[in-house]
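Undergrad: What follows is each chain in one-letter form.
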Amino acid sequence: QKEVEQDPGPLSVPEGAIVSLNCTYSNSAFQYFMWYRQYSRKGPELLMYTYSSGNKEDGRFTAQVDKSSKYISLFIRDSQPSDSATYLCAMRKYSGGGADGLTFGKGTHLIIQP
Amino acid sequence: GAVVSQHPSWVICKSGTSVKIECRSLDFQATTMFWYRQFPKQSLMLMATSNEGSKATYEQGVEKDKFLINHASLTLSTLTVTSAHPEDSSFYICSATSGSQETQYFGPGTRLLVL
Chain A
41 QKEVEQDPGP
51 LSVPEGAIVS
61 LNCTYSNSAF
71 QYFMWYRQYS
81 RKGPELLMYT
91 YSSGNKEDGR
101 FTAQVDKSSK
111 YISLFIRDSQ
121 PSDSATYLCA
131 MRKYSGGGAD
141 GLTFGKGTHL
151 IIQP
Chain B
15 GAVVSQHPSW
25 VICKSGTSVK
35 IECRSLDFQA
45 TTMFWYRQFP
55 KQSLMLMATS
65 NEGSKATYEQ
75 GVEKDKFLIN
85 HASLTLSTLT
95 VTSAHPEDSS
105 FYICSATSGS
115 QETQYFGPGT
125 RLLVL
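One line per chain: the protein sequences are A and B, in this order.
Residue numbering for the first sequence follows the numbering used here, starting at 41 and increasing by one per position.
Residue numbering for the second sequence follows the numbering used here, starting at 15 and increasing by one per position.
Bear in mind the hints are in silico, worked out from the structure with no lab data behind them.
Positions of the beta carbon are idealized from the N, C-alpha and C atoms, including for glycine.
Keep in mind that a hint or two might mislead.
Unchecked claim - Just a sample of chain B residues kept apart from chain A, beta carbon distances all over 10 Å, derived: (1) V18; (2) T31; (3) K78; (4) T92; (5) E101.
As the list claims (entries may be wrong) - Part of the chain B face toward chain A, derived, beta carbon under 10 Å: (6) A16; (7) Q20; (8) H21; (9) S23; (10) C27; (11) S29; (12) K55; (13) M59; (14) L60; (15) A62; (16) F81; (17) C108; (18) F120; (19) R125.
To be verified - Pairwise CB distance ranges, derived in the manner of DEER restraints: (20) B:K69 to A:G56: 46 to 56 Å; (21) A:I58 to B:K55: 43 to 53 Å; (22) A:S80 to B:S19: 14 to 24 Å; (23) A:G56 to B:T94: 45 to 55 Å; (24) A:A57 to B:S97: 45 to 55 Å; (25) A:S108 to B:C27: 45 to 55 Å; (26) A:P50 to B:F53: 14 to 24 Å; (27) A:R100 to B:P100: 36 to 46 Å; (28) A:S108 to B:K80: 33 to 43 Å; (29) A:G49 to B:E73: 20 to 30 Å; (30) A:S108 to B:P100: 38 to 48 Å.
I would like the entire structure built from these sequences, with the hints used as guidance.
TA: As structure tokens, then:
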């Protein structure tokens with residue numbers, strides 16, 4: 041079993057719809073959870089960053105973390121064609137003040153139809 | 015803020031040659047830089063962690079003698095793929111974080127094609 045599972049899609053929705061993206065993970069040591077957006081042949085761009093369980097909202101984006109279920113979600117409201125990209129979930133363990141590399145999901149390819 | 019650049023953006027080389035990729039943090043001091051590799055339709059995989067002034071820490075399965083990492087300053091890390099082979103063709107991406115940041119900022123990536 042991979043440490044982080046993410047459905048690669050593609051996920052195609054009409055413009056204006058609410059998009060739900062999610063990841064499951066197996067390692068209970070993960071404490072920090074992130075969502076990145078990646079356009080084709082580009083580096084990932086940080087969208088949301090959360091620590092432990094709970095919700096975080098930023099504009100049209102809401103990130104949810106449920107550590108008891110080892111499940112994280114990203115919701116996009118009022119989706120736009122410009123949101124079409126690959127969305128990567130990423131997570132890392134608590135490193136005691138240092139920096140640790142991230143463990144990524146495969147990414148979900150999202151298509152917003154005009 | 016938090017801009018990371020990479021150079022070159024793409025490179026084609028012959029099998030057996032060495033390729034150097036640079037990663038720079040443009041507007042912050044990166045105490046730690048990471049190198050990832052992404053094969054088509056696969057997730058980004060961490061290759062190594064590089065702290066300024068220290069030897070890099072490599073992930074299991076990554077050959078340290080093949081992928082040489084140097085982090086000589088707080089704004090620059092380099093990855094050298096030595097004696098590159100076609101199976102090393104991939105998308106190489108660096109990320110950087112400072113001591114006060116918990117998030118990593120990624121460069122735009124370098125696409126390597128070994129013929």
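Undergrad: State for each hint whether it applies.
TA: Verification of the hints:
Some Cβ of chain A comes within 10 Å of the Cβ of B:V18; the nearest lies about 8 Å off, and the non-interface call is violated. Non-interface status of B:T31 relative to chain A is upheld: no Cβ of that chain comes within 10 Å, the nearest being about 23 Å off. Residue-level check passed: B:K78 sits 15 Å from the nearest beta carbon of chain A, beyond 10 Å. The claim that B:T92 lies off the interface holds: its Cβ sits roughly 17 Å from the closest Cβ of chain A, which is beyond the 10 Å cut-off.
No beta-carbon of chain A comes within 10 Å of the beta-carbon of B:E101; the shortest separation is about 20 Å. The interface hint given for B:A16 is met, as the beta carbon of that residue sits about 8 Å from the closest beta carbon of chain A, less than 10 Å. With a cut of 10 Å, the hint placing B:Q20 at the interface with chain A holds, because the nearest CB-to-CB distance is about 8 Å. Here the hint on B:H21 is broken, as its CB sits about 13 Å from the closest CB of chain A, past 10 Å.
Given hint, B:S23 at the interface with chain A, holds; its Cβ is 9 Å from that chain's nearest Cβ, closer than 10 Å. For the restraint placing B:C27 at the interface with chain A, the shortest Cβ-Cβ distance is roughly 18 Å, beyond the 10 Å limit, so the hint is violated. Taking 10 Å as the C-beta cut-off, the interface hint given for B:S29 is violated, the closest approach to chain A being about 23 Å. A least Cβ separation of about 7 Å between B:K55 and chain A falls short of the 10 Å threshold, and the interface hint therefore holds.
At its closest, the beta carbon of B:M59 sits 8 Å from a beta carbon of chain A; the interface hint therefore holds under the 10 Å criterion. Hint status for B:L60 relative to chain A: holds, with the closest Cβ pair at about 4 Å, below 10 Å. For the restraint placing B:A62 at the interface with chain A, the shortest Cβ-Cβ distance is roughly 8 Å, inside the 10 Å limit, so the hint holds. For B:F81, the shortest C-beta to C-beta distance to chain A is roughly 14 Å, which exceeds 10 Å, and the interface hint is violated.
For the restraint placing B:C108 at the interface with chain A, the shortest Cβ-Cβ distance is roughly 8 Å, inside the 10 Å limit, so the hint holds. A hinted interface residue such as B:F120 counts as satisfied when its beta carbon comes closer than 10 Å to some beta carbon of chain A; here the least separation is about 4 Å, so the hint holds. Proximity of B:R125 to chain A holds as hinted, the smallest CB-CB distance being about 7 Å (cut-off 10 Å). Distance hint check: the CB atoms of B:K69 and A:G56 are about 52 Å apart, consistent with the given range 46 to 56 Å.
Between A:I58 and B:K55 the beta carbons are some 27 Å apart, a value that contradicts the proposed interval 43 to 53 Å. Checked against the given bound of 14 to 24 Å, the beta carbons of A:S80 and B:S19, roughly 19 Å apart, stay inside it. The hinted window of 45 to 55 Å between A:G56 and B:T94 holds, with their beta carbons roughly 48 Å apart. Taking the beta carbon of each, A:A57 and B:S97 are about 50 Å apart, inside 45 to 55 Å as hinted.
Range check, A:S108 to B:C27: Cβ separation about 49 Å, and the 45 to 55 Å hint holds. Distance hint check: the CB atoms of A:P50 and B:F53 are about 19 Å apart, consistent with the given range 14 to 24 Å. For the hinted restraint 36 to 46 Å between A:R100 and B:P100, the CB-CB distance of approximately 42 Å keeps it satisfied. As the Cβ distance of A:S108 to B:K80 is approximately 42 Å, the hint placing it in 33 to 43 Å holds.
Checked against the hint of 20 to 30 Å, the C-beta distance between A:G49 and B:E73 comes to roughly 27 Å, which is consistent with it. For the hinted restraint 38 to 48 Å between A:S108 and B:P100, the CB-CB distance of approximately 45 Å keeps it satisfied.
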